[in-house]
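Q: Heads up: the sequence lines are chains A and B, in that order. Count the first sequence with my numbering and you get residues 1 to 65, in order. Count the second sequence with my numbering and you get residues 66 to 570, in order.
None of these hints come from the bench; they were simulated from the model. Take these hints with a grain of salt, some might be off.
Among the chain A residues that face chain B by a calculated CB cut under 8 Å, a handful are [what the hints assert, rightly or not]:
#1 Leu29
#2 Leu47
#3 Tyr62
Covered stretches of chain A, as calculated for chain B (at least 3 residues, CB under 8 Å) [stated by the list, open to error]:
#4 8-20
#5 48-61
So the derived label-pair ranges between C-beta atoms look like this [unchecked claim]:
#6 A:Ile61 <-> B:Ala69: 33 to 41 Å
#7 A:Ile43 <-> B:Arg95: 35 to 43 Å
#8 B:Pro429 <-> A:Ile57: 45 to 53 Å
#9 A:Leu65 <-> B:Pro370: 15 to 23 Å
Beta carbons are placed, not taken as given, at the ideal position from N, Cα and C, and that holds for glycine.
The residues making up each chain are set out below.
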Amino acid sequence: MTLAASTLAVGTALFFGLYLAVALFVLTLPRAEAQRDPARPRILGDLRFWAIVSAGIQIAIYLLL
Amino acid sequence: MRLAAIDIAILALYMAGMLWMGLALTKYIRGGKDFFLAGKRLPWWAIGMSLVATDISAMDMIGLAGSAYVFGIVLANFDWIGCIPAMLICAFVFIPHFWTSGVYTIPEYLGRRYDSTVRVIVAVFWLLFSTLNLGLLLHISAVMFENVVGSPIPEYGRTFWILITAAVVGIYTYSGGLAAVVITDVAQFIIMMVGAAAILFFGLWEAGGIGGLVEQVEALGKTDHFRLIVSPATNSTYAWPGILFGLALVLSPAYWIGNQAIVQRALGARSEYDAKAGLVWGSLLKILVPVVMVFPGIIALAIFPALKTGDDAMPTLIAKLLPNGLRGLVFAAFLAALMSSIDSYLNSAATLWTKEIYEPVIRPGADDRHYLAVGRAMTVILIILGIATTPIPARFQSIYSYFQTLLATFQGPAFAIILLGMLWPRATSRGALAGLIAGLAVSVPLNFHIPLKRLVFATEDPFLYVAWWSFCAAFAATVIASYLTESKPREALDGLVYARTRRSP
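So that you can see chain A by itself, here it is in the shape it has in the complex (with noise of 0.2 Å):
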């Protein structure tokens, strides 16, 4: 593996481990830190539901691309 190459691997793991890294902060939030929308469906009123989404596609993208 050359010197770029294995530079490259560093940082690609040090993306992913920051998406991760919020990710997994988000998971553990206690549920009533998420202020659910209680005028929405329990998932769909849940910040934490949608932050995981917002990560999650993210990493998708880095995954893709």
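Chain B: place on chain A using the hints.
A: Then chain B, alone, in the frame of chain A:
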């Protein structure tokens, strides 16, 4: 490129529409809280769209596509890894702090957490940055108008358009305050995305779809143009260490957590849920931004591979691919991008002056209507100061580097003291002051002393690295000086640091 009559009519309609929307909200402004925080009535969907509209300026529309023309989709990192993690962390960690403490501004928070010296220093820096940024944004709008529409007074073309833009934005921000800023931002966001999507659609059509685009770019030997993560061995400004450490870990959180123009929207929300949901919604919208603003740069490379500079990419696509009528809409999108940033910096700077300098230092204890009058008067003064500073950006090599230099000088040190203030109860006011001084002692020479800049960095435009190292210096100095000085009693930090903030019910 000159616009046809129908395009100019669309532009005139856009300007009149913005003015009308802003003025229509005047009747709801009865006091300072209505003017500075929109009466705390903003819904999450408007906050999210306004946040993204404020973040994108015409500079981004031209600069992102222009840099993508030269460097490829690595520029998408500015919106993806450079915004989304910070927006989510801001929503769940920092917004509850600001919300429960009931502050109007970031310096006000710093004043309560540290002391009034830190509060005033940070407020003065933000005022300075906002004023210079206003001058820059007005300068760009005038250059665009002059090139595309011309001027009824050719010898004063730029000045004429600076005054027109300043008058339109100034009037609706003066009248409707933050509510007018946010509601016009929502309309401007929609226009901006429709305009950018039109360029993407016509560009992809011309390039033969995504398959044709990839084929043509690879035929030019630009295989790295489809890489999101670039090796530092390339000496690129956008190599991953700069993107990760400078952008994702410093500049981006500093912008989303410590920028008054951004946080003020969340503070104007109708509930804590709306404040958080606005940021999460904004993070979802941010996913779309590179698709409509970075990809046109690569499309331009495929269709027009011999442009003189990358910054010609977007104007060339508009001039060569779009039909009459749509050009007016796209130009309105550029203006929307500019105006949504100008109005935000104008309103936030007026808030900073009134709440952070005038109210605590010059005239404490006056009634709310007095502060409303001061906020409005300051809006007028700031737009005049913005007009006065428009010649400064012309002295820099590029508008983009001027803006990044402004940001990279101050954001790293300011973010270090905000972060430590919120997360570390031991941080002291002397520590914060030492941190600000140490951070600026690193960022100012590295940004403005050209021989030193060239000696230290391999890349020509090292603003990402300057932000990182000034953050590190400020962080270290704050920690060391805090250990050497006495901290506030724990009870005085209730609601101000993460460990002593109530959790949402």
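Q: Quick check: the region 8-20 of chain A, covered by chain B? Criterion 3+ residues, Cβ under 8 Å.
A: holds (count 7)
Q: When I compare C-beta atoms, does the region 48-61 of chain A have three or more residues closer than 8 Å to chain B?
A: Holds, because 8 residues of the region 48-61 of chain A bring their Cβ atoms closer than 8 Å to Cβ atoms of chain B.
Q: Checking hints one by one. Is Leu29 (chain A) an interface residue toward chain B, by the C-beta closer than 8 Å rule?
A: 6 Å, holds
Q: Evaluate the given range 45 to 53 Å for the C-beta pair formed by Pro429 (chain B) and Ile57 (chain A).
A: The hint (45 to 53 Å, Cβ to Cβ) holds, given that Pro429 (chain B) and Ile57 (chain A) are roughly 48 Å apart.
Q: Taking the Cβ atom of Ile43 (chain A) and the Cβ atom of Arg95 (chain B), is their distance within the range 35 to 43 Å?
A: 39 Å, holds
Q: Quick check on Tyr62 (chain A) please, does its C-beta sit within 8 Å of some C-beta on chain B?
A: 6 Å, holds
Q: Taking the Cβ atom of Ile61 (chain A) and the Cβ atom of Ala69 (chain B), is their distance within the range 33 to 41 Å?
A: 38 Å, holds
Q: When you take the CB atoms of Leu65 (chain A) and Pro370 (chain B), is the distance between them in 15 to 23 Å?
A: 22 Å, holds
Q: Using Cβ atoms only, decide whether Leu47 (chain A) comes closer than 8 Å to chain B, and label the hint accordingly.
A: 5 Å, holds
Going down the numbered hints, you'll see the structure goes against none, and every one checks out.
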